[in-house]
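Here the protein sequences line up with chains A and E, keeping their order. Last residue of the first sequence? That's 218 in UniProt numbering, and every number before it is there in order. Last residue of the second sequence? That's 273 in UniProt numbering, and every number before it is there in order.
Hints are computed from structural coordinates only; laboratory data are not their basis. All C-beta atoms, glycine included, are put in the ideal place defined by N, C-alpha and C. Among these hints, one or two may not hold up.
Said to hold, decoys possible - Subject to a maximum C-alpha distance of 35 Å in a straight line, what follows is the list of computed DSBU-like cross-link-like pairs (lysine-lysine):
no. : chain 1 : residue 1 : chain 2 : residue 2
1   : E       : K254      : A       : K17
2   : A       : K71       : E       : K254
3   : A       : K71       : E       : K84
4   : A       : K81       : E       : K216
Unchecked claim - Taking CB as the label site, the calculated pair distances span:
no. : chain 1 : residue 1 : chain 2 : residue 2 : range
5   : A       : G212      : E       : N49       : 37 to 47 Å
6   : A       : S90       : E       : L206      : 27 to 37 Å
7   : E       : Y37       : A       : E60       : 51 to 61 Å
8   : A       : E60       : E       : S171      : 37 to 47 Å
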Amino acid sequence: MVVRENFENSLQELQTKMTEMGELAISSLEKAFTAFKTQDIELALRVIEEDNEIDDLEEEINQFAIWLTVKEQPVARDLRKIIGAIKISSEIERIADFGVNIAKSAIKIGSEHSLISLTQLESMKDACINMLQKALQSFIDENIVLAKEVGDMDDVVDEYSNETYKQLTTYLSEHPEETNQLVQLLFINRYLERTADHITNIAESAAYLIKGRRYDLN
Amino acid sequence: MNTTFVERKQITEEITADNTQLSKQTKISVKDLNLFYGDKQALYDVSINIKEKEVTALIGPSGCGKSTFLRTLNRMNDLIDSVKINGEIIIDGDDIYRSNDVIKLRTKVGMVFQKPNLFPMSIYDNVAYGPRMQGIKNKSKLNKIVEESLRGAAIWDEVKDRLKSSALGLSGGQQQRVCIARAIAMKPDIILMDEPTSALDPISTLKVEELITTMKNDYTIVIVTHNMQQAARVSDRTAFFLSGEIIEFDETSKIFSMPNDQRTEDYVTGRFG
Chain A
1 MVVRENFENS LQELQTKMTE MGELAISSLE KAFTAFKTQD IELALRVIEE DNEIDDLEEE
61 INQFAIWLTV KEQPVARDLR KIIGAIKISS EIERIADFGV NIAKSAIKIG SEHSLISLTQ
121 LESMKDACIN MLQKALQSFI DENIVLAKEV GDMDDVVDEY SNETYKQLTT YLSEHPEETN
181 QLVQLLFINR YLERTADHIT NIAESAAYLI KGRRYDLN
Chain E
1 MNTTFVERKQ ITEEITADNT QLSKQTKISV KDLNLFYGDK QALYDVSINI KEKEVTALIG
61 PSGCGKSTFL RTLNRMNDLI DSVKINGEII IDGDDIYRSN DVIKLRTKVG MVFQKPNLFP
121 MSIYDNVAYG PRMQGIKNKS KLNKIVEESL RGAAIWDEVK DRLKSSALGL SGGQQQRVCI
181 ARAIAMKPDI ILMDEPTSAL DPISTLKVEE LITTMKNDYT IVIVTHNMQQ AARVSDRTAF
241 FLSGEIIEFD ETSKIFSMPN DQRTEDYVTG RFG
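Generate coordinates for the entire structure from the input sequences, incorporating the hints supplied.
Structure representation (C-alpha cells):
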C-alpha cells in the first residue's frame, strides 16, 4: 500500500487545476494579442468575458489548498507545494488580467491604422507565453533548470520593452496626431513587461519548492 | 557602508539571537553510544549534543530506538538484565555510566511516562513523595515544594482545594500534569518525557504542550513523540531516529521545512512509518 495515496492524488489534482489555469491564461494572452493585432473587437470582448473563469479557478485552487492544509497538515516539500499553488494561482490570475488589459487597449485603438510594426510587442508576447509554459513546467516537474531559463528570458523581455519604449516615444514626438494609439501601445508594452515579471515570480516559487530557499530571478 | 536605522536594528537583533544560541551550553553529550538487548543491537553509534534549557524532540517510527535512547539518559535500562551499553553519556561533565550513584542521577534527570502513573494516594502525597524520600520532613517546607511544583506544572489552580483527595480521581490530563509536578518536586535539571500526551485528549494534550513550552525556561527537556505536529510545536531541535541510528539532528524548523536527508523527508511527510 502506498502511504498517503489519497494525499498524493489530491496534490496531483491541485497540479492539474494549476495547469488548467495556466492554459487559460495563455489562451487569454494569445487571444488578446490576436484581437489587438487583427483589430478584432469581438474577440477582445470575449477575452474580457472569459476572465471570470480564471478568477473562479483561482478561488477554487485556494479553497482546495486551504482544505488540504487543514486536513493533511503538510510539512516540508508537501507544504512548499501547497504554498506554491496558492502563490502561483494568484500570479496567473494577475497575468490573465494583463490579457484583459491588452484586450481593452485593443478596443480603445479600434480600427486606427495599426502601428504594431514599430514595436517588439509580438516578440514580447511570444516570449511571455514560452516563459509561462516553462515556469509552470518547472514547478510541476521540479526542474530548476527551467526556472533559471525563465529568469534569463525575463531579461530579454526587459530589453525588448526598453527598445519598444524608445521607438514609441521617438515616434510620438514626430507624430503627435497618433497619441491615442501610441499611448495604448506604451501601455501594452508595460503590460507585457509586467506579465514577464509575474511569470518570473512563478519560477521563483518553483525554485523555492525545489531548493527550499528563496531565489531572486527578477 | 551606510545602513538605515531599521537595518541596524535588524543586524543587532540577529547578532543578539546568535549570541543566545552560542551561550546555550551542551547539557547532555552522547558519544558513540551502542546498546544491545542480548544479541540484538538496538542503538548504533548514537552521538548527539543536547543543549540546556531547550526542548529536544526524538521522532521516528516504532522500534527505531528513540524510547530506548531516552531511557539511557537516566539509566532506566539498568533494570533490564540483558542490556549491554557502550559509549559515553556525559551530563554536566560526568559520564553517567561510570558513576554508581543512580539515585543522584535520577534526581537530576526526572521522567514522565506515556500513561499517568500516580500512586494511589492524595495529590499532595504524590508530589511530596520524592522530597520526603530525600528526608524533607518540615511541613511548611513540603507545603512550599508541593505548591511550587503544582504551579510549575500549571495545575495548582485546578487542584489547590482538593490536595488531600485521591490523585486517581483527576482526569487523565490533570493526572499527567501532576506527574510532571511530581517530577519537578525533585528539582531536576533535565526532564525526560516518553510520549507524555499519547493517552490524553486533544485539549489536555495542548495544555501539556503549553506547559512544556514554558518549562524550558528552567529545564532541559527531551521528549519522545509520535505526534510530529507536537514535535514541530514544542521543540527547538529534533532528532530523527531510524533502525537504531540518528539519521538527522537539526533545528526543528529545518527538519520540518527542508530536511537534508530523503529518509527524514519521507518520514515527516508521512510517506513511510
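Now the hints, each set against the structure:
no. : hint                       : verdict
1   : K254/E - K17/A             : holds (30 Å)
2   : K71/A - K254/E             : holds (22 Å)
3   : K71/A - K84/E              : violated (44 Å)
4   : K81/A - K216/E             : holds (33 Å)
5   : G212/A - N49/E: 37 to 47 Å : violated (25 Å)
6   : S90/A - L206/E: 27 to 37 Å : holds (33 Å)
7   : Y37/E - E60/A: 51 to 61 Å  : holds (54 Å)
8   : E60/A - S171/E: 37 to 47 Å : holds (43 Å)
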